[in-house]
Amino acid sequence: MAALFNNKISSTKQYIFSIMLVIAVGGICYFLSTFLGYRVTAFVLLLTVSVLAMIFDILPVLFSAALSALIWNFFFIPPKFTFHIGTTEDLILFLMYFVIAMVNAVLTYKIRQAEKITRQREEKEHTVKLYNTLLNSLSHELRTPIAAIIGATDNLQNNNARLTPQNRNDLIGEISKASFRLNQQVENLLNMSRLESGFIQPKNDWCDINEIVYDAVKQIEENDIQQRITININPAIPLFKLDKGLLVQVIYNLLNNAAQHTDAGSSINISAACHTDVLQIIIQDNGKGFPADEIKNVFDKFYRLKNSKTGGTGLGLSIVKGFTEAMGGNVNLENISTGGARFIIEIAAETSYLKNLKNE
Amino acid sequence: MSNRAEILIIDDEAPIRRLLEITLQSNDYNVTEAATAKEGIIMAASHPPDLIILDLGLPDTNGHEVLQQLREWFTNPVLILSVQKSEEDIIKALDNGANDYLVKPFRTGELLARIRSALRSTLPEENNSLINFGNLQIDLAARTVKKNNDTVKLTATEYALLALFAKNEGRVLTHQYLLKEIWGPGYINQSQYLRVFIAQLRKKIETDANRPELIVTESGVGYRFICKE
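Keeping their order, the protein sequence lines are chains Z and G. With this note's numbering applied, the first sequence corresponds to residues 4 to 363, in that order. With this note's numbering applied, the second sequence corresponds to residues 5 to 233, in that order.
Calculated directly from the structure, the hints in this document are not laboratory data. Take the hints with a grain of salt, since some may be wrong.
Said to hold, decoys possible - Mimicking BS3-like on lysine-lysine, the simulated pairs with C-alpha atoms at most 25 Å apart in a straight line are:
1) Z/Lys206 <-> G/Lys108
2) Z/Lys221 <-> G/Lys207
3) Z/Lys206 <-> G/Lys96
4) Z/Lys244 <-> G/Lys171
5) Z/Lys119 <-> Z/Lys16
6) G/Lys96 <-> Z/Lys244
7) G/Lys184 <-> Z/Lys244
8) G/Lys108 <-> Z/Lys221
9) Z/Lys206 <-> G/Lys184
10) Z/Lys180 <-> G/Lys108
As the list claims (entries may be wrong) - Sample of chain Z residues lacking proximity to chain G, with all beta carbon distances greater than 12 Å (derived):
11) Ile12
12) Ser13
13) Met57
14) Asn162
15) Leu166
16) Gln230
17) Thr233
18) Ile234
19) Gly268
20) Gly290
21) Asp303
22) Asn335
23) Asn338
Remember, predicted model here, so these are calculated numbers, not experimental data. In this text, a Cβ means the ideal position worked out from N, Cα and C, and glycines have one as well.
Make a model of the complete structure from these sequences and hints.
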């Protein structure tokens, strides 16, 4: 509970809430004073302060501790409606109340501080671990194409006389492929840093889903993929007000993921439809699907399937999730009973049918 | 082209200049180069080229400023080089008088196609009302369109859109420009009109409306009408 409220409520609001709670509890006790003795009231007020100490900062809690002590004294300790305390016993009780409320507030605060430090340390360790994973996969993903480019150009420069025209073509092809791969990884990294910075503000404009899907398909087909992509879009689909750039990237990453993890000759199908102002895009393949116990992890940053081949940074699908959520949607993955994986994206958005324009 | 067109490259990155130089020279263009905005403007003024390739990210002066300075007197085409995901920059440059753009990394085929269509637009327009684009034939005088010799029925707006594309074959037309030209200045932000009519037009003229090849989407910027010979 402490973590939930911690640092989220402004200190003014904390003061107001503490004061109101203490007064409210005091009021209730006052109305019940025929049933509750003033000593029981002390415990009820003490409990109230303890609860506040679990949620709020130290100063508002100390303030409410003092306030509750005064309320208790004024309204409950006989003689009522004076700050005067009649018996020595009550005076001791009042002083004890005051001390206990203060100690309680301070101790709770200290425990929470300690918890916070532990939490921060854990978060830092987690970040370091993620950072190392990133460095490992990145150095592989970036160095492999760089190595291919350096090797191929070295060969073309220093070994040219001994190369057959076929060799030369192959080397140039390798340079080209490696450059595309580098470009792709840089794109992923830039997208990831956009997500990490938390500055993704969807720029919504009217989108023709046909156009967006083909944009992504065209980009993936430029990579000379070995799979066949079919498109299946409901002809009656309306325009959606969405961020085109984000949506193209989401579809591209899903297509790329399918292309990386299915065999040559597999087929990938994209379908899109509108269900009561919710855009649903389904991308499925006829590959092997995902191991059932890993499905829940595939959208995690840097997560890679345990048995996957080399290549890939584990960024692609986490970007899919991040971008989809940035648009207020969600993405799900399931295995198809006949084999293959099915990604389902659902985003609620404003739609436009513009039927009245047809005859213009 | 009979006499070799002269192209000035203004880009601070030596590898990019070298790449452009090799590509252009091997395709029969004369190339001059400038590494800074200042140098580029002086070169353009002393010996106006047929086309300028201008990098938007120059170290000494912002590329947009260079473009504005050039456009005060330079009327030949300017082609902008930009980095990825900077649609706003590209639209701004196109609004400020750039004829077209390329995004780094670009394919050389694309570069040459852009240069060709930009240079073509400076040639005097042929007085021919009949334009052929592959299996599509547009008769601007009779206001008719035929696909594989069958008449295509277009609404007035669809025809206006297609005619505008046809007259600007190979050139990028921004969303705002299209909306303004076809619907009027008050419609600049009504992008849904454009989406709907582009989709309708594609259904009528494209071989496969799901994979349009004539009206190509320029992501975040606009559309380009392309005829693959």
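Taking the earlier hints as the rules, which of them does this structure contradict? Hints 4, 17 and 18 contradicted; others consistent.
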